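What follows is each chain in one-letter form.
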Amino acid sequence: MALTIAIHSYKGGSGKTSFAINLASAYASVGKSVCLLDVDLKAPSSFNYLLPEAKHWVNDIFEGRYGVMDVVKDVSKEMGTKGAFYVGYSNPDIVAVRGISSKDRKWQSKALKLLMTAKRDLSNAGIDIVILDTGAGVDFTSVNAIAVADYVISVGRPGASRQRLMEQVIGGVYMPLDKDCYIIENMCHNDNPTDLSGKKFDLPVLASIPCMCDVAVRCDNEVLVLTEPDHAFSKKIYDIMESLDKITS
Amino acid sequence: MTDNSSTEEMIRLLREISGKLDRILIQGSADNESDDGILDVLDVMTLLTLPDHLRTTATALFELGSATADELAERTNKERAVESNYLNQLVRMGHVAKNRKGRKVYFSIGEGLGK
Ligand SMILES: Nc1ncnc2c1ncn2[C@@H]1O[C@H](COP(=O)(O)OP(=O)(O)O)[C@@H](O)[C@H]1O
Ligand SMILES: [Mg+2]
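Each protein sequence line maps, in turn, to chains A and B.
Every letter in the first sequence is one number past the one before it in our numbering, and letter 234, counting from 1, is 234.
Whatever position you read off the second sequence (first residue = 1), add 249 for our numbering.
Warning: the hint list may mix true and false statements.
Keeping only pairs whose Cα atoms sit at most 20 Å apart, straight-line, the calculated SDA-like set for lysine to any residue is [unchecked claim]:
1. A/Lys11 x A/Val205
2. A/Lys103 x B/Met294
3. A/Lys113 x B/Arg352
4. A/Lys106 x B/Thr325
Selected chain B positions facing chain A (Cβ under 8 Å, derived; list incomplete) [stated by the list, open to error]:
5. Leu270
6. Asp271
7. Leu291
8. Asp292
9. Leu297
10. Leu303
11. Glu312
12. Gly351
13. Arg352
14. Val354
15. Tyr355
These are computed hints drawn from the structure, not numbers from a lab.
Predicted model, so just to flag it, every value in this text is computed and none were measured.
For glycine and all other residues, C-beta sits at the position ideal for the given N, C-alpha and C.
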């Protein structure tokens, strides 16, 4: 089975999408077959604009209209990666985005089944790593993705209040779904000591990524691990990839 | 004068009745939902509220798509009889569907009762 990693956070704007794109690109750059899916149907990610276009949307998978292999597009040529690099985008059209909020539980149950099927299809197609860029907080779009994943990486900004909220999600979502979870602290400042280590749940912190102004600007226009592999941000991502390799091997 | 005020009073009463009817209709449709068995659909939030043993079984079934009690027991490392018991419990709750194909019985996540 393809190793499936859900990138989640309790609150929005913690850097999930930036991390997901760069981690996926890092894997593809070292020759892994990767698939990056934007499953944040309520707030589609900007990588629609960053990477080459595709014909169909991740929404089509959930609606049962297309299988995952008809939806994803291999962008390895354009991005210059050694390994295959498939991406699937969620539809940013406002009608599609609004529509997600009115889906009932029956639709959501089916969506989970279809996402499980997509994971099997990706494995059968020879994909090594599936990265799910989820929405923030606890709702169907994020929890369905977490349920499908083998590993959950929770990207959070440092802060004691965040830690308490995160414990709720860890104890009420990640643990009951039996997931291996890791924390990435993002946008850290030197004077703010690591405090997300989750004493109660003892979740390992995989890395602390500093807050870098140029990352905030450049992440919207380029994939840093590919355009500048020696950048401090890129190095962190490659380090995280190596740690994950050790954990999952 | 009196005519006017009694007309106003009538309109006020009609509005009140109309509001009450709306509320009854909304309540009625909410009740209908549970009658139709929509609550039996096993979505991921419901999955989270299940007791540990049933959640493990249901999650494995989501992953396998469709499976016999044997296949599921292999996945969860439990006794077949135990797993079969859990599966049938989930069937009674309306979360899981049971289908016979030849001599084998296959379980799968249900589509919910009704509708
Ligand atoms: N380490 C960092 N330092 C500075 N800015 C960052 C860092 N990581 C991400 N950002 C910026 O933060 C913003 C939100 O990131 P994004 O990845 O969209 O978060 P999310 O997907 O969690 O909502 C983006 O503008 C991104 O460029
Ligand atoms: Mg995002």
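Tested hints:
no.	hint	verdict
1	A/Lys11 x A/Val205	holds (17 Å)
2	A/Lys103 x B/Met294	holds (14 Å)
3	A/Lys113 x B/Arg352	violated (26 Å)
4	A/Lys106 x B/Thr325	violated (26 Å)
5	Leu270	violated (24 Å)
6	Asp271	violated (20 Å)
7	Leu291	holds (6 Å)
8	Asp292	holds (4 Å)
9	Leu297	holds (5 Å)
10	Leu303	violated (11 Å)
11	Glu312	holds (6 Å)
12	Gly351	violated (24 Å)
13	Arg352	violated (26 Å)
14	Val354	violated (20 Å)
15	Tyr355	violated (15 Å)
Of the hints listed earlier, those the structure fails to meet are numbers 3, 4, 5, 6, 10, 12, 13, 14 and 15, in rising order.
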